[in-house]
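Enquirer: These protein sequences, in sequence, are chains A and B. Numbering follows our numbering, with no gaps: position 73 of the first sequence is 73. Numbering follows our numbering, with no gaps: position 45 of the second sequence is 45.
It is worth saying that the hints were derived from the structure and are not from the lab. All C-beta atoms in this analysis are idealised placements derived from N, C-alpha and C, irrespective of residue type, glycine included. Watch out, some of these pointers could steer you wrong.
As the list claims (entries may be wrong) - Rough simulated footprint, nothing fancy, chain A against chain B, three-plus residues with beta-carbon under 8 Å: (1) 8-19; (2) 22-32; (3) 85-93; (4) 97-104.
Said to hold, decoys possible - Far from chain A, by Cβ distances over 12 Å, these chain B residues were calculated: (5) 35; (6) 36; (7) 48; (8) 50; (9) 51; (10) 73; (11) 74.
Unchecked claim - Okay, the calculated beta carbon distance ranges per label pair: (12) B/103 <-> A/50: 30 to 38 Å; (13) A/75 <-> B/104: 46 to 54 Å; (14) A/104 <-> B/75: 43 to 51 Å; (15) B/7 <-> A/13: 22 to 30 Å; (16) A/103 <-> B/47: 38 to 46 Å; (17) B/7 <-> A/11: 32 to 40 Å; (18) B/91 <-> A/35: 14 to 22 Å; (19) A/52 <-> B/75: 47 to 55 Å; (20) B/25 <-> A/72: 32 to 40 Å; (21) B/49 <-> A/72: 39 to 47 Å; (22) A/50 <-> B/47: 38 to 46 Å.
Protein chains: 2
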Amino acid sequence: MRLLPHPATADIQLTEVLRALSDPIRMEIAVRLAVRGEITCTEACDDLGVHKSTASHHYRTLREAGVIMSRQEGRLKYISLRRDGLDARFPGLLDAILLAAHVPV
Amino acid sequence: MRLLPHPATADIQLTEVLRALSDPIRMEIAVRLAVRGEITCTEACDDLGVHKSTASHHYRTLREAGVIMSRQEGRLKYISLRRDGLDARFPGLLDAILLAAHVPV
Numbered sequence: 001m002r003l004l005p006h007p008a009t010a011d012i013q014l015t016e017v018l019r020a021l022s023d024p025i026r027m028e029i030a031v032r033l034a035v036r037g038e039i040t041c042t043e044a045c046d047d048l049g050v051h052k053s054t055a056s057h058h059y060r061t062l063r064e065a066g067v068i069m070s071r072q073e074g075r076l077k078y079i080s081l082r083r084d085g086l087d088a089r090f091p092g093l094l095d096a097i098l099l100a101a102h103v104p105v
Numbered sequence: 001m002r003l004l005p006h007p008a009t010a011d012i013q014l015t016e017v018l019r020a021l022s023d024p025i026r027m028e029i030a031v032r033l034a035v036r037g038e039i040t041c042t043e044a045c046d047d048l049g050v051h052k053s054t055a056s057h058h059y060r061t062l063r064e065a066g067v068i069m070s071r072q073e074g075r076l077k078y079i080s081l082r083r084d085g086l087d088a089r090f091p092g093l094l095d096a097i098l099l100a101a102h103v104p105v
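Isolated chain A (complex conformation) (with noise of 0.2 Å):
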């Protein structure tokens, strides 16, 4: 298993997460995560219609705004919602947005 590089709890920055989830199609991606736990990059952009470098750059820049969790196991990359770090840094900020975005919490 290999863990990509992902921010320190205390340098997730509030405007990097907004940021984050202002595409379409990062928010799809988090609402799917929310909903589904963790699951493969590729089911995470199943039937969304991205190519696959755009689904890593959507990625990518989940990741590295702390939004989100990556980690290698063999060929698959699994991610998953970094609600620990979330809530810690910003408490109540993911539930309102997932909320706002009519995912049950």
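Position chain B relative to chain A; hints supplied.
Expert: Chain B in isolation, oriented as in the chain A frame:
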């Protein structure tokens, strides 16, 4: 008094709100409005070190996203947070963002 065009409350989009607030200067403007209520554009950008045309761009972005209300009175333009619209459209979102930005709500 002249009211500039604003989106209808039902047309406010989550990703557009997040995008508008993903810029540190625009976030600072929103924080000032949250703390001080309606103020002039000059006051909102006072000492932020941005050119007047850049400031105008920021106000327009915030207004078109549904984050602020803007009105012209004579030679002065006043802006305020669009609290009623945002709270109606996305309950709890604005408060969670302001809390994350260290504004008492």
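Enquirer: With reference to the structure, classify each hint as holding or not holding.
Expert: Here's how the hints hold up against the structure:
no., hint, in the structure
1, 8-19, "holds (count 5)"
2, 22-32, "holds (count 4)"
3, 85-93, "holds (count 5)"
4, 97-104, "holds (count 4)"
5, 35, "holds (16 Å)"
6, 36, "holds (20 Å)"
7, 48, "holds (14 Å)"
8, 50, "holds (15 Å)"
9, 51, "holds (20 Å)"
10, 73, "holds (31 Å)"
11, 74, "holds (34 Å)"
12, B/103 <-> A/50: 30 to 38 Å, "holds (35 Å)"
13, A/75 <-> B/104: 46 to 54 Å, "holds (49 Å)"
14, A/104 <-> B/75: 43 to 51 Å, "holds (49 Å)"
15, B/7 <-> A/13: 22 to 30 Å, "holds (27 Å)"
16, A/103 <-> B/47: 38 to 46 Å, "holds (39 Å)"
17, B/7 <-> A/11: 32 to 40 Å, "holds (34 Å)"
18, B/91 <-> A/35: 14 to 22 Å, "holds (20 Å)"
19, A/52 <-> B/75: 47 to 55 Å, "holds (54 Å)"
20, B/25 <-> A/72: 32 to 40 Å, "holds (37 Å)"
21, B/49 <-> A/72: 39 to 47 Å, "holds (42 Å)"
22, A/50 <-> B/47: 38 to 46 Å, "holds (42 Å)"
Checked against the numbered hints listed earlier, the structure breaks none of them; every hint is satisfied.
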